[in-house]
Amino acid sequence: MGYRKQDEAAFALPPQVTFAILPHTPYSTRYSVRASEQDREVMLHMPMEALAGNRLGPGALTAQMTEQAITQELGLALNSVPHAIGLNNHMGSKLTQLSSPMRTTMNFLQTRQMFFVDSRTTRYSKAEKIAALQGVPSAHRHVFLDHFQDEAHMRQQFNRLIRIAKKYRNAVGIGHPYEETLRFLRQALPELAGHGIRLIPISALMQEKALALADQPVSTNHTE
Numbered sequence: 001m002g003y004r005k006q007d008e009a010a011f012a013l014p015p016q017v018t019f020a021i022l023p024h025t026p027y028s029t030r031y032s033v034r035a036s037e038q039d040r041e042v043m044l045h046m047p048m049e050a051l052a053g054n055r056l057g058p059g060a061l062t063a064q065m066t067e068q069a070i071t072q073e074l075g076l077a078l079n080s081v082p083h084a085i086g087l088n089n090h091m092g093s094k095l096t097q098l099s100s101p102m103r104t105t106m107n108f109l110q111t112r113q114m115f116f117v118d119s120r121t122t123r124y125s126k127a128e129k130i131a132a133l134q135g136v137p138s139a140h141r142h143v144f145l146d147h148f149q150d151e152a153h154m155r156q157q158f159n160r161l162i163r164i165a166k167k168y169r170n171a172v173g174i175g176h177p178y179e180e181t182l183r184f185l186r187q188a189l190p191e192l193a194g195h196g197i198r199l200i201p202i203s204a205l206m207q208e209k210a211l212a213l214a215d216q217p218v219s220t221n222h223t224e
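Heads up: the sequence shown begins at 1 in full-length UniProt numbering, then just goes up one per residue.
There may be inaccurate statements among the hints.
[To be verified] Computed beta-carbon distance windows for the label pairs: (1) His153 x Gln6: 18 to 26 Å; (2) Gly57 x Ser203: 35 to 43 Å; (3) Gln6 x Phe148: 35 to 43 Å; (4) His176 x Leu51: 15 to 23 Å; (5) Leu189 x Ser36: 19 to 27 Å; (6) Gln64 x Ile197: 26 to 34 Å; (7) Gln149 x Glu8: 13 to 21 Å; (8) Thr62 x Gln134: 34 to 42 Å.
[Stated by the list, open to error] Pairs of lysine-lysine, DSSO-like flavour, derived with a Cα cap of 30 Å: (9) Lys167 x Lys126; (10) Lys166 x Lys129; (11) Lys167 x Lys209; (12) Lys129 x Lys94; (13) Lys209 x Lys129; (14) Lys166 x Lys126; (15) Lys94 x Lys126; (16) Lys129 x Lys167.
These are calculated hints, taken from the structure and not from any lab test.
Predicted model only: the values in this text are computed from it and were never measured.
Virtual Cβ for every residue (Gly too), placed ideally from N, Cα, C.
Build the full structure now, drawing on both the sequences and the hints.
Encoded structure:
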C-alpha cells in the first residue's frame, strides 16, 4: 500500500493486521505514521527485481546493483517508511534467488534489529536461509489471499490459511488493500476466534518462533 488514497480504508481493520508499505509513494510516510498512531506494526514493502521483468517502481533493488547501492537504497526507502520494524519483498522472484544481494539486505536488517518476511514469489528463494545464517528473524508467506479478487477464491484461500495455522501453530497470509479484499477481511477475520486461532502482529509471530527454537533440545557430539 502507499500509492492510493483509498488504501486508507485498510485502517479500519484490526490493529493486529500488519501493514506493508511501499517506499517513495505519495502516502508512504503518512500511512506509516498513522499506523504507528494506531499501535499497528509496519513493514517496508521493498521492491525487488522479478524474473518476468515487471515494472518495479521507485527505489527497487536489482541484481546489477553493488552492495553499496543496495545498502543506500534500503536506507532511503526506510526513511520514507518511518516506524517500519521489518521488511518484506515486493515481487523479487529473481533477486531473492541470489545470495549476494540477499546477504547485503540481511546485513542491513541485522544492524538495525529488523526482521524479514519472505513473500515467497519463487519457490527457489534463498532469503530465509540467508536470514537465518546472519541472525535475522524471519518468516514466510503461506497464502496469498487475493490473487483473484472474487469472494469464492478469497474464502478458499482463507480456509487454507486456517488449516495451515492449525497444523503448524502459525500461518502468514498476504493480501492487498483492494476494496474486495478489505470487505472480505472485515467479514472473515472475526471468524478466527471460533477456530481457536489468534490474530497477532508479525512481531509476535517472530517472538513465538524464537521461543520455539529456544525450547528445542541441543544435540551435542563428544568423545571421551
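So, going through the hints one by one against the coordinates:
1. His153 x Gln6: 18 to 26 Å: holds (21 Å)
2. Gly57 x Ser203: 35 to 43 Å: Distance hint for Gly57, Ser203 is violated at roughly 26 Å.
3. Gln6 x Phe148: 35 to 43 Å: Given a distance of about 20 Å, which is not inside 35 to 43 Å, the answer is violated.
4. His176 x Leu51: 15 to 23 Å: The hint (15 to 23 Å, Cβ to Cβ) holds, given that His176 and Leu51 are roughly 21 Å apart.
5. Leu189 x Ser36: 19 to 27 Å: holds (21 Å)
6. Gln64 x Ile197: 26 to 34 Å: violated (43 Å)
7. Gln149 x Glu8: 13 to 21 Å: holds (19 Å)
8. Thr62 x Gln134: 34 to 42 Å: violated (21 Å)
9. Lys167 x Lys126: holds (24 Å)
10. Lys166 x Lys129: Holds, at about 24 Å.
11. Lys167 x Lys209: holds (15 Å)
12. Lys129 x Lys94: Given that 30 Å is the threshold and the Cα spacing comes to 16 Å, the pair holds.
13. Lys209 x Lys129: holds (15 Å)
14. Lys166 x Lys126: The given pair, whose Cα atoms are some 26 Å apart, holds under the 30 Å limit.
15. Lys94 x Lys126: holds (10 Å)
16. Lys129 x Lys167: Status holds; Cα separation ~22 Å.
In this structure, the hints that do not hold are numbers 2, 3, 6, 8, in rising order.
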